[in-house]
Amino acid sequence: MGLFSFIKEAGEKLFGGGDAHAATPSEDLNVKAAQAIAAYINTQNLGVSNLQVQFDGSQGKVTVQGVAPTQAAKEKVTLCCGNVANVQSVDNQMTVTNPEPEAQYHDVVRGDTLSAISKKYYGDANKYNAIFEANKPMLTSPDKIYPGQKLRIPAL
160 MGLFSFIKEA GEKLFGGGDA HAATPSEDLN VKAAQAIAAY INTQNLGVSN
210 LQVQFDGSQG KVTVQGVAPT QAAKEKVTLC CGNVANVQSV DNQMTVTNPE
260 PEAQYHDVVR GDTLSAISKK YYGDANKYNA IFEANKPMLT SPDKIYPGQK
310 LRIPAL
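The opening residue of the sequence shown carries number 160 in the numbering used here; numbering runs sequentially from there.
Mixed in with the good hints there might be a few duds.
[Unchecked claim] Here are the simulated distance ranges between beta carbons: (1) 217 with 283: 41 to 49 Å; (2) 281 with 194: 35 to 43 Å; (3) 202 with 288: 19 to 27 Å; (4) 282 with 302: 34 to 42 Å; (5) 283 with 258: 33 to 41 Å; (6) 283 with 259: 20 to 28 Å; (7) 187 with 302: 37 to 45 Å; (8) 228 with 264: 17 to 25 Å; (9) 263 with 187: 32 to 40 Å; (10) 296 with 272: 15 to 23 Å; (11) 314 with 186: 17 to 25 Å; (12) 217 with 258: 27 to 35 Å; (13) 218 with 315: 31 to 39 Å.
What the hints contain is simulated information worked out from the structure, not anything from laboratory work.
All C-beta atoms in this analysis are idealised placements derived from N, C-alpha and C, irrespective of residue type, glycine included.
From just these sequences and the hints, can you work out the full model?
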């Protein structure tokens, strides 16, 4: 799956802004940030086992390991980590119990809607629900996307 880049300033505010990405963040802050990200992943009920999260605040990098039941769950873990403020990149080293083809990704920009994104990738604006479902439970409404967010675009 590789290393994924994210917009550092966008995303869920799970831990303290300035402290988490200070020039020389303490090991304690990195551990607390990693624990907050792991807790956030666990609240998504993705069925991940043996979850291990590390955060390097000086680089804004999350490294995640464990076992995901599906490729979709693995990809959602990447999004859980990356769509957090102060995270700039995610190195997802998880294994998948039932491997499947990887999805595409879309970086949301100002003015994007799920319908417009659906039209771009599928040629049909009315298939926006496939994107919404592929990004649940991180997305709670098709109308609640924001610039800087990264979304999974599954194959139909």
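Hint-by-hint comparison with the structure:
1. 217 with 283: 41 to 49 Å: Distance hint for residue 217, residue 283 holds at roughly 44 Å.
2. 281 with 194: 35 to 43 Å: 38 Å, holds
3. 202 with 288: 19 to 27 Å: 23 Å, holds
4. 282 with 302: 34 to 42 Å: Given range 34 to 42 Å: violated, Cβ gap about 22 Å.
5. 283 with 258: 33 to 41 Å: This hint is violated: roughly 28 Å between Cβ atoms.
6. 283 with 259: 20 to 28 Å: Roughly 23 Å apart at Cβ, these two residues keep to the hinted range, so it holds.
7. 187 with 302: 37 to 45 Å: 38 Å, holds
8. 228 with 264: 17 to 25 Å: For residue 228 and residue 264 the Cβ distance comes to about 20 Å; the hint holds.
9. 263 with 187: 32 to 40 Å: Between residue 263 and residue 187, where Cβ atoms are some 38 Å apart, the hint holds.
10. 296 with 272: 15 to 23 Å: 20 Å, holds
11. 314 with 186: 17 to 25 Å: Once the Cβ atoms are compared, 41 Å apart, the range 17 to 25 Å for residue 186 and residue 314 is violated.
12. 217 with 258: 27 to 35 Å: Holds - the Cβ-Cβ distance for residue 217 and residue 258, about 33 Å, lies within 27 to 35 Å.
13. 218 with 315: 31 to 39 Å: For residue 218 and residue 315 the Cβ distance comes to about 36 Å; the hint holds.
Hints 4, 5 and 11 from the earlier list are contradicted by this structure; the remaining hints agree with it.
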